[in-house]
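Q: Dock chain B against chain A, hints included.
If you want the building blocks of each chain, they are given just below.
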Amino acid sequence: MFQVFSDFATWIVFDLLGFVAQTKLGDALHFFVEDVSKIFVLLLVMIYVIALLRASMNVERVRDYLAVRHKSTGYVMASGFGAVTPFCSCSSIPVFLGFTSAGIPVGITMAFLITSPLINEVAVLLLLSLLGWKFTALYVLVGMTVGILGGVFLDAIKAERWLQSFAAEALQRGQSQIEASREGEAAVSLSLVERHQYAKDEALEIFGRVWKWVIVGVGLGAALHGFVPDGWIEAHLGDGQWWSVPAAVLVGIPLYSNATGVIPVMESLISNGLPVGTTLAFCMSTVAASFPEFILLKQVMQWQLLAVLFALLLAAFTLVGWVFNFATQYI
Amino acid sequence: MKIFKVLGSGCAKCSKTAQAISAVAEEKNIAVSVEKVNDPQVIMAFGVMRTPAVVVDEKLVYSGSVPSRGDIEKWLADV
Chain A
6 MFQVFSDFAT WIVFDLLGFV AQTKLGDALH FFVEDVSKIF VLLLVMIYVI ALLRASMNVE
66 RVRDYLAVRH KSTGYVMASG FGAVTPFCSC SSIPVFLGFT SAGIPVGITM AFLITSPLIN
126 EVAVLLLLSL LGWKFTALYV LVGMTVGILG GVFLDAIKAE RWLQSFAAEA LQRGQSQIEA
186 SREGEAAVSL SLVERHQYAK DEALEIFGRV WKWVIVGVGL GAALHGFVPD GWIEAHLGDG
246 QWWSVPAAVL VGIPLYSNAT GVIPVMESLI SNGLPVGTTL AFCMSTVAAS FPEFILLKQV
306 MQWQLLAVLF ALLLAAFTLV GWVFNFATQY I
Chain B
709 MKIFKVLGSG CAKCSKTAQA ISAVAEEKNI AVSVEKVNDP QVIMAFGVMR TPAVVVDEKL
769 VYSGSVPSRG DIEKWLADV
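The listed protein sequences derive, respectively, from chains A and B.
Here the first sequence stands for residues 6 to 336, where the numbers follow my numbering.
Here the second sequence stands for residues 709 to 787, where the numbers follow my numbering.
Chain A extracted, bound-state conformation (with noise of 0.2 Å):
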């Protein structure tokens, strides 16, 4: 069903703009036209699917089904909803304040907040068409476990006494209101002309907003596939050397971008050799971890509290890429 975007591509590349095809110039712009536009349809569609079915669902109902939950469902109901309810990166902030004021504990707001960048619907799907389901079932599973372990692991280490004053003052002004009844917002029924509404807005702004990153994803993906020699990483990272996996995470780091725009790197990476887990830990470490949101997280967090979220990132991304790299030689 996708060949008609190959297609597109050998027209446009080929036949219209003169490039030879089996150059190395002229194959990496045939890439980089088909990708592109096959992601471009994709997402417009995808997304505008996905927000008419999803048009009444949103964080203050997450919030307050989480709120009255308990604790030990709380991280894997946090994760689950972090991966399928839409929410912009900043509004990370609100959201956080929103669940502490709730009384809902750091650790499952922490669940939430770390599983929703990783994954989101169009990351799913993208990785669906891309690299087929049976790495989107892992990549999912892989982020989500990360998200419900890190959020355990914050609650363990009683993380809530680092965070800055006045969001500790609202979370156990919150604890302390629990029992009384949460008055939850009647459920909004919407007609399906307000879905169209809402699912048009939606699928112009998240297409408005991640474009720009599909477009240097797959320049970067075309660049690769194109330029780097063949079997080069495969010969020098082929193997998933364990120093490859943690050097992978830190050179994510300063990278950032959404999984949008991560996603064809993913592909080309791994259609160019580089182990799976080796390109998971990247990816993950480009998506999740990144100094904007950070500083951003400084208002409501101490540094103590950074500085173990930023550490438990890393092990975490480092860890995944190791087991993904052992597991892979016997699958």
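In the BS3-like style, the derived pairs of lysine-lysine whose C-alpha atoms are separated by at most 25 Å in a straight line are: (1) B:LYS721 x A:LYS205; (2) B:LYS782 x B:LYS721; (3) B:LYS744 x A:LYS303; (4) B:LYS767 x B:LYS710; (5) B:LYS721 x A:LYS303; (6) B:LYS736 x B:LYS782; (7) B:LYS721 x B:LYS744; (8) B:LYS724 x A:LYS217; (9) A:LYS205 x B:LYS724; (10) A:LYS163 x A:LYS303; (11) B:LYS721 x A:LYS217; (12) A:LYS205 x B:LYS782.
I should point out that these hints are in silico values taken from the structure, not numbers from a laboratory.
A: Leaving out everything else, chain B in the frame of chain A:
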């Protein structure tokens, strides 16, 4: 004079919201004050989790996206 506050942590949509309110008010010749607020404590106090959010005269009226022109006109018309 109505006092508008746009709550948000400095994202692009927050500036857009503030600009939209000012523009509509100016067009209709209504004097307003539009202030962008990015203090997380204030945002929390209004219970807002999706930004940008709009507060008119200390009352939260909108949250989650850039408001439509119709919304803004309604807030300006309400006395």
